[in-house]
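There are 2 protein chains.
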Amino acid sequence: MTHAPVISLLIDGRSPADPAQALASDDRGFQYGDGLFETARCRNGNVRLLDAHLQRLRAGCERLGIAFPDELRLRTEIAAVCGQAEEGVLKIILTRGRGGRGYRPMPGMTTTRIVALHPLPSIDTSTPITLRWCDMRLGRNPSLAGMKHLNRLEQVLAQREWNPSSIEEGSIEEGSIAEGLMLDTEGELVSGTMSNVFIVSDGLLITPDLRYCGVRGVMRDEVLRVAAEQGIAVSEEPLWPHDVDHAKEVFITNAVHGIRAVGALETIRWGMGPVTQRLSAIVNC
Amino acid sequence: MTHAPVISLLIDGRSPADPAQALASDDRGFQYGDGLFETARCRNGNVRLLDAHLQRLRAGCERLGIAFPDELRLRTEIAAVCGQAEEGVLKIILTRGRGGRGYRPMPGMTTTRIVALHPLPSIDTSTPITLRWCDMRLGRNPSLAGMKHLNRLEQVLAQREWNPSSIEEGSIEEGSIAEGLMLDTEGELVSGTMSNVFIVSDGLLITPDLRYCGVRGVMRDEVLRVAAEQGIAVSEEPLWPHDVDHAKEVFITNAVHGIRAVGALETIRWGMGPVTQRLSAIVNC
Numbered sequence: 145m146t147h148a149p150v151i152s153l154l155i156d157g158r159s160p161a162d163p164a165q166a167l168a169s170d171d172r173g174f175q176y177g178d179g180l181f182e183t184a185r186c187r188n189g190n191v192r193l194l195d196a197h198l199q200r201l202r203a204g205c206e207r208l209g210i211a212f213p214d215e216l217r218l219r220t221e222i223a224a225v226c227g228q229a230e231e232g233v234l235k236i237i238l239t240r241g242r243g244g245r246g247y248r249p250m251p252g253m254t255t256t257r258i259v260a261l262h263p264l265p266s267i268d269t270s271t272p273i274t275l276r277w278c279d280m281r282l283g284r285n286p287s288l289a290g291m292k293h294l295n296r297l298e299q300v301l302a303q304r305e306w307n308p309s310s311i312e313e314g315s316i317e318e319g320s321i322a323e324g325l326m327l328d329t330e331g332e333l334v335s336g337t338m339s340n341v342f343i344v345s346d347g348l349l350i351t352p353d354l355r356y357c358g359v360r361g362v363m364r365d366e367v368l369r370v371a372a373e374q375g376i377a378v379s380e381e382p383l384w385p386h387d388v389d390h391a392k393e394v395f396i397t398n399a400v401h402g403i404r405a406v407g408a409l410e411t412i413r414w415g416m417g418p419v420t421q422r423l424s425a426i427v428n429c
Numbered sequence: 145m146t147h148a149p150v151i152s153l154l155i156d157g158r159s160p161a162d163p164a165q166a167l168a169s170d171d172r173g174f175q176y177g178d179g180l181f182e183t184a185r186c187r188n189g190n191v192r193l194l195d196a197h198l199q200r201l202r203a204g205c206e207r208l209g210i211a212f213p214d215e216l217r218l219r220t221e222i223a224a225v226c227g228q229a230e231e232g233v234l235k236i237i238l239t240r241g242r243g244g245r246g247y248r249p250m251p252g253m254t255t256t257r258i259v260a261l262h263p264l265p266s267i268d269t270s271t272p273i274t275l276r277w278c279d280m281r282l283g284r285n286p287s288l289a290g291m292k293h294l295n296r297l298e299q300v301l302a303q304r305e306w307n308p309s310s311i312e313e314g315s316i317e318e319g320s321i322a323e324g325l326m327l328d329t330e331g332e333l334v335s336g337t338m339s340n341v342f343i344v345s346d347g348l349l350i351t352p353d354l355r356y357c358g359v360r361g362v363m364r365d366e367v368l369r370v371a372a373e374q375g376i377a378v379s380e381e382p383l384w385p386h387d388v389d390h391a392k393e394v395f396i397t398n399a400v401h402g403i404r405a406v407g408a409l410e411t412i413r414w415g416m417g418p419v420t421q422r423l424s425a426i427v428n429c
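First to last, the sequence lines map onto chains A and B.
So the first sequence is numbered by the working numbering: it starts at 145 and just counts up by one.
So the second sequence is numbered by the working numbering: it starts at 145 and just counts up by one.
Certain hints may be false.
[To be verified] Restricting the straight-line Cα-Cα distance to at most 20 Å, the calculated cross-link-like pairs of lysine to any residue (SDA-like) are:
no.	chain 1	residue 1	chain 2	residue 2
1	B	LYS292	B	GLN228
2	B	LYS292	A	LEU218
3	B	LYS392	B	ARG360
4	B	LYS292	A	SER152
[What the hints assert, rightly or not] Computed footprint of chain A on chain B, listed as stretches where at least three residues anywhere in the stretch have a Cβ under 8 Å from a Cβ of chain A:
no.	segment
5	244–253
6	286–298
7	340–352
[Stated by the list, open to error] Per the computed footprint, the stretches of chain B lying under chain A, defined by three or more beta-carbons under 8 Å from a beta-carbon of chain A, are:
no.	segment
8	176–184
9	301–307
10	363–374
Hints in this document: simulated from the structure, not taken from any laboratory.
Positions of the beta carbon are idealized from the N, C-alpha and C atoms, including for glycine.
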C-alpha cells in the first residue's frame with residue numbers, strides 16, 4: 145500500500161516524529177469531519193492566491209463557529225512548509241479541536257492546525273481533457289454550501305465510479321477521464337468532483353451559482369474576476385446538463401491547476417475555444 | 145479545555161502510548177470523513193445488540209466500498225476494550241485507511257480500526273424529556289441515507305443551536321433541553337440530532353422512513369421488532385412536523401439510552417403514554 149507522499153508537515157506548529165502517529169483520536173476532524181481545508185499551489189516558496197485561501201478559511205470558520213487561529217502564526221507555518229520545495233501542493237486543514245460531548249462542541253476549544261506540502265502532480269494543462277457525468281449526486285444544504293469542509297464522502301464515492309486509465313491522475317492519454325461532473329439530487333449541475341465548471345454560451349461565461357451545494361473555489365473567484373476585468377460578460381446562475389451539452393466552450397478550474405479546457409464529455413467534442421484560451425493565458429501563468 | 149474521557153482505546157489493535165498522538169494525518173477519516181462509526185451500550189463486558197451493530201457496520205462498509213476487517217479480530221478487540229468497566233459506551237470507528245490520490249481511494253487500502261470505551265453519561269431515562277426543533281436542516285441524499293458515516297457536520301451545527309441549561313447532558317432540570325428534532329431541507333421530519341424518533345398516532349407506532357437521509361439506528365430497528373412482537377401496529381413512513389404536533393405519544397431512541405419518553409416540545413406537553421411505557425419496560429432493561 146502506498147501512502148500519499150508528504151514533503152513537509154506541521155501539526156499545531158510541530159513536525160511530528162512519526163506522521164503515522166500524529167493526531168489525537170478524539171480530534172473532531174476525525175470523529176465528525178468537523179473542520180475545513182484548503183488546497184493551494186505553491187511555487188518557489190510562494191502560495192498562489194494565499195490571501196483568498198485564508199479569507200475563505202476564515203469565512204468558513206465563522207460559519208461553523210470554529211476559532212480561526214492566529215493568522216500570523218498560520219502564515220509563518222505555511223511559509224516554513226512551502227520553503228521546502230520549488231513546486232508543491234499546500235494543504236491546510238483546520239478542525240474544531242479535540243473532544244466535546246458527542247456532537248456538541250464545548251466552549252473554548254483549541255483549533256487543530258495541519259499544514260502540509262505535497263508533490264505537485266505532473267499534468268499537461270495545455271491539452272483539453274475528457275470529462276464524464278457522475279452517477280453520484282450532491283445533497284442540497286444551503287447551510288453548508290460554498291464551504292470546503294471536511295464532509296467529503298460524496299466526492300469520494302463519485303471518484304470511485306471510474307478508474308483513470310492512466311496511473312497518473314489527470315494525464316491526457318487517449319480515453320483517460322480526468323474529471324467527473326456532478327449534479328445535485330434535483331439534477332442541477334454543481335461542479336466537478338474536485339473542480340468548478342464554466343461554460344461559454346451565447347457569448348456569456350457562466351458558472352453554477354452554488355446556492356444549494358458545492359465548493360466556492362478560490363480559482364473560480366479568480367476566473368470570474370479576471371474575466372470581468374477582460375470585459376467578458378459573466379454570470380453565476382443555475383445550470384443544467386443540457387446547458388453543458390449546448391455550450392460553445394467548457395472548462396474546469398481548481399487552485400492547483402488553474403483552468404483546464406474540456407475537449408470531450410461522453411459523445412460531445414469541443415475544440416479549444418477563444419474565451420478559454422484567452423483566460424488560460426492570463427490565469428495559468 | 146477538557147477532552148472527552150476514554151477508559152480504554154485500541155487503534156488497529158494497539159493501545160497508543162499517547163492518545164493525543166495516535167492517528168496518521170493522512171487517514172481518510174480525518175481528510176474526508178471517509179468512514180463509519182457505531183456507538184453501543186456496554187455493561188459488564190457485554191455489548192448490547194452487538195450483532196446488529198456489526199451488521200450495520202458491515203453493510204455500511206459494503207455501500208462505501210470499504211474493506212470490512214476480520215470480524216473475529218474486531219470482536220476480540222471489542223471484548224478487550226469492554227472488559228475494562230462495568231458500564232460504558234463503546235465507540236467503533238472504521239475508516240477507509242490512509243492516503244490515496246486526493247478523493248480517489250487506491251485499491252488494497254487497509255481499513256483503520258478504532259475501538260474505544262467511554263464512560264456512560266448518568267441520565268435518568270425514566271423521566272420524560274424536553275425537545276426543541278432545530279433550525280439546521282439535513283440535506284437529502286439517498287446514496288448516504290441510513291448509514292452512520294463520519295460526515296456529521298449537520299449534527300454538530302444542530303447541537304450548537306442550543307445550550308443545555310444543565311452541564312449534565314440530557315438531565316431533566318426544569319427548562320433543560322435534551323435533544324433537538326431535525327427536518328430535511330424539504331421540511332420532512334427525519335430524526336433527533338443523535339436519536340431516532342417515534343410517534344403514536346391513531347393507534348399506530350410510526351417512525352420516519354429515512355429514504356432521503358438520517359441514520360437507521362440499531363435501537364430503532366430493535367423497537368420496531370419488539371413492537372411487532374408485542375402486536376403493536378408499526379409503520380415506517382414520511383412524517384412532518386404537524387404529525388408530531390398531533391401525536392398521542394412521542395419518544396426517541398438511541399443505542400446508549402434505549403427509549404426516552406418525550407414530555408415537551410416547544411408549547412406541547414405529553415404525559416407518559418401507554419405504548420411508550422410498555423415498550424420502555426421491555427427495551428430499557
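Evaluated hints:
1. LYS292/B x GLN228/B: violated (25 Å)
2. LYS292/B x LEU218/A: violated (34 Å)
3. LYS392/B x ARG360/B: violated (23 Å)
4. LYS292/B x SER152/A: Roughly 33 Å between the alpha carbons, so the hint for LYS292/B and SER152/A is violated.
5. 244–253: holds (count 9)
6. 286–298: holds (count 9)
7. 340–352: violated (count 0)
8. 176–184: Holds, because 4 residues of the segment 176–184 of chain B bring their Cβ atoms closer than 8 Å to Cβ atoms of chain A.
9. 301–307: holds (count 4)
10. 363–374: violated (count 0)
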